[in-house]
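Engineer: Each chain is listed here by its residues.
Number of protein chains: 4
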Amino acid sequence: MISFENDYTTGAHPKILQRFIDSNFESLSGYGTDSYSKQARNKIKLACACPNADIYFLVGGTQTNTVIISSLLENYEGVITANTGHIQVHEAGAIERTGHKILTLPEQNGKILPEQLEQYLSSFYQDNNHEHMVFPGMVSISYPTEYGTLYSKKELEQLSQICHFYQIPLYLDGARLGYGLMSREADLTLPDIAQFCDVFYIGGTKVGALCGEAVVFSKNNTPKHFFTQIKRQGALLAKGRLLSLQFDTLFTDNLYYQISKHAIDMAEELKKCLKEKQYSFYLESPTNQQFIILENAEMERLKKQVRFSFWEKFDANHTIVRFATSWSTTKEEIEQLKEIL
Amino acid sequence: MISFENDYTTGAHPKILQRFIDSNFESLSGYGTDSYSKQARNKIKLACACPNADIYFLVGGTQTNTVIISSLLENYEGVITANTGHIQVHEAGAIERTGHKILTLPEQNGKILPEQLEQYLSSFYQDNNHEHMVFPGMVSISYPTEYGTLYSKKELEQLSQICHFYQIPLYLDGARLGYGLMSREADLTLPDIAQFCDVFYIGGTKVGALCGEAVVFSKNNTPKHFFTQIKRQGALLAKGRLLSLQFDTLFTDNLYYQISKHAIDMAEELKKCLKEKQYSFYLESPTNQQFIILENAEMERLKKQVRFSFWEKFDANHTIVRFATSWSTTKEEIEQLKEIL
Amino acid sequence: MISFENDYTTGAHPKILQRFIDSNFESLSGYGTDSYSKQARNKIKLACACPNADIYFLVGGTQTNTVIISSLLENYEGVITANTGHIQVHEAGAIERTGHKILTLPEQNGKILPEQLEQYLSSFYQDNNHEHMVFPGMVSISYPTEYGTLYSKKELEQLSQICHFYQIPLYLDGARLGYGLMSREADLTLPDIAQFCDVFYIGGTKVGALCGEAVVFSKNNTPKHFFTQIKRQGALLAKGRLLSLQFDTLFTDNLYYQISKHAIDMAEELKKCLKEKQYSFYLESPTNQQFIILENAEMERLKKQVRFSFWEKFDANHTIVRFATSWSTTKEEIEQLKEIL
Amino acid sequence: MISFENDYTTGAHPKILQRFIDSNFESLSGYGTDSYSKQARNKIKLACACPNADIYFLVGGTQTNTVIISSLLENYEGVITANTGHIQVHEAGAIERTGHKILTLPEQNGKILPEQLEQYLSSFYQDNNHEHMVFPGMVSISYPTEYGTLYSKKELEQLSQICHFYQIPLYLDGARLGYGLMSREADLTLPDIAQFCDVFYIGGTKVGALCGEAVVFSKNNTPKHFFTQIKRQGALLAKGRLLSLQFDTLFTDNLYYQISKHAIDMAEELKKCLKEKQYSFYLESPTNQQFIILENAEMERLKKQVRFSFWEKFDANHTIVRFATSWSTTKEEIEQLKEIL
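Chains as they are written, first to last, in our numbering: chain A, 92 to 432; chain B, 92 to 432; chain C, 92 to 432; chain D, 92 to 432.
Be aware that a few hints might be false.
Which copy is meant is left open, because identical chains are indistinguishable; a pair holds if it fits in one copy or across any two.
[As the list claims (entries may be wrong)] Straight-line Cα separation of at most 30 angstroms, DSSO-like style, residue types lysine-lysine; simulated pairs: (1) Lys129 to Lys394; (2) Lys363 to Lys244; (3) Lys134 to Lys366; (4) Lys106 to Lys129; (5) Lys129 to Lys310; (6) Lys310 to Lys394; (7) Lys394 to Lys106; (8) Lys245 to Lys362; (9) Lys362 to Lys315; (10) Lys394 to Lys352; (11) Lys129 to Lys395; (12) Lys310 to Lys395; (13) Lys404 to Lys315; (14) Lys245 to Lys363; (15) Lys362 to Lys136; (16) Lys129 to Lys366.
Since the hints were made in silico from the structure, they are not lab data.
In this text, all values refer to a predicted model and were calculated from it rather than measured experimentally.
With the sequences and hints as input, model every part of the structure.
Structural biologist: Structure, rendered in structure tokens:
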């Protein structure tokens, strides 16, 4: 059965697997000290136009969010995020497990708007009781958001300015970063992100890798002994080659962008086809995730022929579902879907 | 340069890489719910002679130790281990990060002996002040130990009996389990371990996999909502196939045992050669790690021709170093070493 | 200057101080094992009509909330509370520090209504992704609430039934319990609370003690080794007499009720006087805290003659302030206030 | 029955209780912002000859150790202490609960010697694997130690120099500080301690107060937002007067020193009497705790007439017990003991 269930149902880009084979019997040092790690870091620095960036490779998204956020916050600080943020909703309390509160702002199309953030921060410091409260210690946004939407360059710049005014870091969760950057509506580039954010990660798991996220500290701001902080959180991979070879491949010959663009092209096809068939969209997403409102009987019918994700109930008779494309979605699958719809 | 630095310098067994390629474009569900996970679990249950075992695949050793120990302990409990245990010495405080104390016993050849454990537990409950102290909540041992040594069947059985008397689980860290089981001196089998221990893990990272450890709960004793506990610790892999395909391969046609046995054969060759050359052993290890006492000038000389690990200082003029073989060590490498020595 | 700033500005009821003097040179055992602790526990059991209650004395409110909540929750669970709950807003992240998320419901006059709770819990278990989320593990309510409002007997009974259906404990924060029970609108008694709640605390700090809160487990449900859990959270007082003597005094001859009733009488006088002077109330509170909306210039004028608390901004020109009475408020203070207003 | 069980069996110095009564109806602001807190801080600064000291009042010892240590350590750091340190043995894992490892050195008469510390720290940084280990982040010593022994001025100065060389703070747990300073063998003064240590606490609970410990940061080194860190650990007392009035009294007219000296005088009497009766001492303690080795039958006999503490087994037939004097021990009690012995 064809699947649009999510963007991590297939394996890795074949070039990655070939690299595993080619290097398999090389004896490499562990824990991210191998030569491919160095090489991959250099390619990413170049792509970010950030020669002083400090780069670490971790395994998965929740792990990456947790390691970064808990390493950057002071004891008495929490992290600001949209109330639909992945760290707030779908990471089983991983941030709180590290002792930190998540401070939520009501999402606007999955985003935090600059005026909301400014309002929150200025109010906090005006509150007489703020020493009895959790201090806002950083801002975490997702690009694209959990609803597939994008921050504009202007919005990101403003968020960045507010964060710097209040001297707290701006962190960007880029689990699907490629799909954001390659969106036809994106006006942000990887160097922009490196400039406006203090730290972000380039998602591999959902963009062609078997696993792996590349953390980028772009402001000479790596937390002290970050290596040890990774280790104590159980996030240090012995065979660092598993991560470095993947990112080295993805950042060779623009592969990361190419496969991301392919997923976006497929998503545009998908949207066109859904629109032609008069399906109703929950919101307008310019990236690889499309949220559709289905009448429940129709949903049951479709389920038998194609895989997609339940998102949430819309009303008694309708459900929001998600169709996602990825680097490995094929034209044939889109064609098949058309026929089914 | 040939390397005996550790047992995780090369990639994965070629059969594993082939499996990645063969299944790469199959659409599989995530988080360990794919069909290969089921298949791999079944093969491991069979190998453990434990049809009711509950099995989870995690990425690395520190992560696995942390997830298991923190899930099994109550708030007010700590974990007993040898003072040379990996969790005590080389995991950067990962256990304490979860709020639990490590209660150490002085190692005996890297091991905890049954009489030590009995003595510790009986004393604890006799202490009038024990309610002001950390309760012993489980026992963690390594097989092989960090010094390459092995528990005998009798020792493991006795530890198991003591734990059950005091109603605390016995946990076995099997990062190098294959190398223990295939040692010529081992009198323990995988079914024995499943019988005597309440939980253990079968190490993949150091025994032919790119990453991955298989956690086995053998007594219908999986902690409640263990899946969620994995997730909140950032240890849940999205593409579970990366782990399941590896363990499915390792537990097909006895591959895990075969490659472990090969490493042991190479270690025996290594030992023979070191003994012939009159090198002095720090202790007698029947597994793939060999600890040698080198005169410092000799160590500097050797370093230029072969890679090995610094372990610790022996005295002002001597150093303990470690030579490790692995599934990928070749006869040629042993021959080359012989020439160098 | 007269003060209605809060209910903890004065010392302790004089009878308590007298008890300190009378017993000062008695040699008493520590940590809550003294004879007065036993005596105080018995009096509280009687007052709760709960002969099997298990009672512990702790020092302060945030500490008590933290110790109870973290001892009752499993690793993967969070606590449900109103978004205005003290644990959510004004305890500096004490709950999250223990690794647990707070799951908020939008307050209704400072309360959680039974239908909200039922809706939240039933939705949670219907969510396909709930294993990636924090499990609701207990419910925490305040009586009176942070806005001085009260749950009715019917509401508490319904909350209790819902909690029991979902098998999670219902916890009641009684920092100002006396002022709730003695309110003219209260239809709940201490035995009712012991019946409907699984655990609650009887606040001393704000009701006549120098410090101290009495934790009551009313269902044979004390967490295992709770003494040790108190100790490891730094909440075990060496000289337990400081707490036991206070609660023994408060629960002798109905002193706790008498002084609470006095505070309520004073609050009713205060309300009458504020209403006569046409002050506008933010909400209707039947307990010792009254929330008034003041025009800003008026607020500045009053500040010079009487102490009260800033609560929050109402709009550009108005502010919500709080006037609180307590066990030690005098008729003369009310008279003086009348003159000022 | 007379009691030498510990130094916290009686109430508070009568002058303290009188102060409670005198100020009882004054309306004072909470959380340590009252006028008596300011006054008490000033007196302590004077006593420490440290006009820039920053002083906080907390309730109890375990709480104080936990708040200080967890606020000063970075995530990846642990605290060095003697293996007999209270935080290691008798605080139920309170430090580890905050996520930090305790790094133990073998005690020498209850102390850490400068050469041990130097050796530990220099070895740590020489270890190739130290990035996989917990970094030593501070040193915690007790004065007097848990065995009643004292650091000399020279030892404290050397420990201080070593800590400063390695840029980690030196912390002194002064639960029984008065009894140390007033010992006939002490060559350290309070100003010396303020000079050599980065932070320490002056114990109240065991030296004449009902509760309370005064934390002194003597080097302009208070952790950022320490007030909030106290709050989030549940250690902020609402009625700060309970602590400030006690310390204000203890540091008026040298009361703290006077009552400490009295306890030492009583301890010297006790020692003399025990020596005359040929009792055998476990070690030589110059402070208020005396450790005696009793033949078990003798111990059982004495138990019936006088209260003392079980410490630990000495051998099959002997037990180490502790006799403690305090500010409230009377000459009559010593006389009675003499008769019993």
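Engineer: Each hint: holds or not?
Structural biologist: Okay, the hints, checked on the actual structure:
no. : hint             : verdict
1   : Lys129 to Lys394 : between (45 angstroms within a copy, 23 angstroms between copies)
2   : Lys363 to Lys244 : within (26 angstroms within a copy, 57 angstroms between copies)
3   : Lys134 to Lys366 : neither (39 angstroms within a copy, 47 angstroms between copies)
4   : Lys106 to Lys129 : both (19 angstroms within a copy, 28 angstroms between copies)
5   : Lys129 to Lys310 : within (19 angstroms within a copy, 42 angstroms between copies)
6   : Lys310 to Lys394 : neither (47 angstroms within a copy, 38 angstroms between copies)
7   : Lys394 to Lys106 : neither (33 angstroms within a copy, 36 angstroms between copies)
8   : Lys245 to Lys362 : within (26 angstroms within a copy, 52 angstroms between copies)
9   : Lys362 to Lys315 : neither (46 angstroms within a copy, 42 angstroms between copies)
10  : Lys394 to Lys352 : within (27 angstroms within a copy, 48 angstroms between copies)
11  : Lys129 to Lys395 : between (47 angstroms within a copy, 23 angstroms between copies)
12  : Lys310 to Lys395 : neither (50 angstroms within a copy, 38 angstroms between copies)
13  : Lys404 to Lys315 : between (45 angstroms within a copy, 28 angstroms between copies)
14  : Lys245 to Lys363 : within (28 angstroms within a copy, 54 angstroms between copies)
15  : Lys362 to Lys136 : neither (34 angstroms within a copy, 46 angstroms between copies)
16  : Lys129 to Lys366 : neither (46 angstroms within a copy, 39 angstroms between copies)
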